[in-house]
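Just so you know, the sequences run in chain order A and B.
Just so we're aligned: 98 in our numbering is position 98 of the first sequence, and the numbers increase by one with no gaps anywhere.
Just so we're aligned: 101 in our numbering is position 101 of the second sequence, and the numbers increase by one with no gaps anywhere.
Possibly wrong hints are sitting among the right ones.
[Claimed, not checked] In the DSS-like style, the derived pairs of lysine-lysine whose C-alpha atoms are separated by at most 25 Å in a straight line are:
hint	chain 1	residue 1	chain 2	residue 2
1	B	Lys48	B	Lys23
2	B	Lys62	A	Lys16
3	B	Lys90	B	Lys62
4	A	Lys2	B	Lys12
5	A	Lys16	B	Lys48
6	A	Lys15	B	Lys12
7	A	Lys15	B	Lys40
8	B	Lys89	A	Lys87
9	A	Lys42	B	Lys23
10	B	Lys62	B	Lys12
11	B	Lys40	A	Lys84
12	A	Lys84	A	Lys110
13	A	Lys15	B	Lys113
14	A	Lys15	A	Lys42
15	A	Lys2	B	Lys48
16	B	Lys63	A	Lys15
17	A	Lys15	B	Lys90
18	A	Lys16	B	Lys122
19	A	Lys42	B	Lys48
20	A	Lys30	B	Lys90
21	B	Lys40	A	Lys16
22	B	Lys63	A	Lys2
23	A	Lys2	A	Lys16
24	A	Lys74	B	Lys90
25	A	Lys74	A	Lys87
26	B	Lys113	B	Lys89
27	A	Lys42	B	Lys90
28	A	Lys84	B	Lys113
29	A	Lys84	B	Lys48
30	B	Lys90	A	Lys16
31	A	Lys42	A	Lys2
32	B	Lys90	B	Lys122
33	B	Lys113	B	Lys90
34	B	Lys62	B	Lys40
35	A	Lys87	B	Lys12
36	B	Lys12	A	Lys110
[Unchecked claim] According to the in silico footprint, chain B covers these stretches of chain A (three or more CB under 8 Å from chain B):
hint	region
37	12–20
38	28–38
39	93–104
40	114–121
Bear in mind the hints are in silico, worked out from the structure with no lab data behind them.
Where a beta carbon is used, it is the ideal one built from N, C-alpha and C, also for glycine.
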Amino acid sequence: MKLDHIDLTILEMLKKDARISLREIAREMKISADTVSNRVEKLTQQGIILSSTVILDTSKIGYAFITRFGINVKPAYAAQVLEKIIKIPSVIIASKVVGSNDLVALSVVKNFHHLCSLRDTILEMPYVENVDLGMWINTMEICPHYFLI
Amino acid sequence: MSEINIDALDVKILRLLQGDARKPFQEIAQQTGVSTDTIKNRFHQMTKTGLLRGTTIVVDPKKIDQNHVVSIGVQVTNPYAEQVLNLIKKIPGMYVVTRSVGRYDIEAIAILKDIEQISTVKNTIADFQQVQNVDIEIWVDKPLLCPKNFEFEENHA
């Protein structure tokens with residue numbers, strides 16, 4: 001899909017602040033508010049803008065760190081397990097992957113006890129063969145605005 | 001790590017905004033049964049304490065030019081992790097770069113255009129001194145994002 005300069009600028013501005021008013025975007029870009037609202041509608045219809053959400057600093061409410069779970073499953077069951085994993089309340093993103101694991105999930109974690117229970121929850125799911133984990137420390141976010149937590 | 005208190009109203013506001021960050025304060029007020037000013041104050045308060053770092057739109061990277069989300073795991077000779085991390089941070093396309101405990105010393109997530117770029121990034125990292133091994137995983141299909149589902153509880157620290 002080809003996006004022009006106007007589309008890209010609108011996306012950038014909304015990424016930085018989803019609550020910005022369309023009028024303000026129009027003013028800053030020196031184009032009409034109608035143009036902005038048409039473009040936003042089009043970007044939404046085409047599925048380029050999927051939704052909008054808040055970025056939270058979860059360390060402020062008791063989540064100490066992020067952990068990556070690398071999960072191996074029985075062939076052909078990846079999609080099924082993925083559906084279950086994404087429903088774990090502290091998991092923020094999960095995907096099928098091609099590489100040494102079949103699935104990857106990122107979760108915010110409160111403490112080691114929580115970490116162990118998450119690992120057990122995943123391991124106990126049918127068709128899950130192995131769970132490998134990496135605990136992220138001193139997480140450096142280059143683009144906090146793009147990383148959804 | 002200083003924890004802050006959030007009450008049931010804060011949680012309600014955040015849950016509504018998780019699903020639609022553009023929801024007008026007035027609507028949130030109606031749905032929670034408090035005044036628009038209260039919502040405004042809570043929003044600003046949560047921003048001030050740093051719990052609410054901002055709002056953003058979720059974009060499908062496949063529909064724009066950037067096509068692949070890639071996880072990168074790097075093993076580094078002790079004690080050079082910090083030094084290597086600083087080099088990786090400078091590579092274009094990096095989204096998150098972090099120290100890690102587990103199989104890898106450094107983990108990163110990047111959004112890259114194509115297989116050539118993935119290979120270039122992998123080789124760039126492998127060429128850094130003190131790097132022992134680089135593993136790459138390419139995310140396929142649409143990743144399931146769940147800022148909407150992410151559940152937090154009220155908390156009286």
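Structure-based check of all given hints:
no. : hint                 : result
1   : Lys48(B) x Lys23(B)  : holds (20 Å)
2   : Lys62(B) x Lys16(A)  : holds (20 Å)
3   : Lys90(B) x Lys62(B)  : holds (23 Å)
4   : Lys2(A) x Lys12(B)   : violated (38 Å)
5   : Lys16(A) x Lys48(B)  : holds (17 Å)
6   : Lys15(A) x Lys12(B)  : holds (23 Å)
7   : Lys15(A) x Lys40(B)  : holds (21 Å)
8   : Lys89(B) x Lys87(A)  : violated (31 Å)
9   : Lys42(A) x Lys23(B)  : holds (19 Å)
10  : Lys62(B) x Lys12(B)  : violated (32 Å)
11  : Lys40(B) x Lys84(A)  : violated (36 Å)
12  : Lys84(A) x Lys110(A) : holds (20 Å)
13  : Lys15(A) x Lys113(B) : holds (20 Å)
14  : Lys15(A) x Lys42(A)  : holds (16 Å)
15  : Lys2(A) x Lys48(B)   : violated (39 Å)
16  : Lys63(B) x Lys15(A)  : holds (16 Å)
17  : Lys15(A) x Lys90(B)  : holds (21 Å)
18  : Lys16(A) x Lys122(B) : violated (29 Å)
19  : Lys42(A) x Lys48(B)  : violated (34 Å)
20  : Lys30(A) x Lys90(B)  : violated (33 Å)
21  : Lys40(B) x Lys16(A)  : holds (19 Å)
22  : Lys63(B) x Lys2(A)   : holds (9 Å)
23  : Lys2(A) x Lys16(A)   : holds (22 Å)
24  : Lys74(A) x Lys90(B)  : violated (37 Å)
25  : Lys74(A) x Lys87(A)  : holds (20 Å)
26  : Lys113(B) x Lys89(B) : holds (18 Å)
27  : Lys42(A) x Lys90(B)  : violated (34 Å)
28  : Lys84(A) x Lys113(B) : violated (29 Å)
29  : Lys84(A) x Lys48(B)  : violated (35 Å)
30  : Lys90(B) x Lys16(A)  : holds (21 Å)
31  : Lys42(A) x Lys2(A)   : holds (13 Å)
32  : Lys90(B) x Lys122(B) : holds (14 Å)
33  : Lys113(B) x Lys90(B) : holds (17 Å)
34  : Lys62(B) x Lys40(B)  : violated (35 Å)
35  : Lys87(A) x Lys12(B)  : holds (19 Å)
36  : Lys12(B) x Lys110(A) : holds (21 Å)
37  : 12–20                : holds (count 6)
38  : 28–38                : violated (count 0)
39  : 93–104               : holds (count 10)
40  : 114–121              : violated (count 0)
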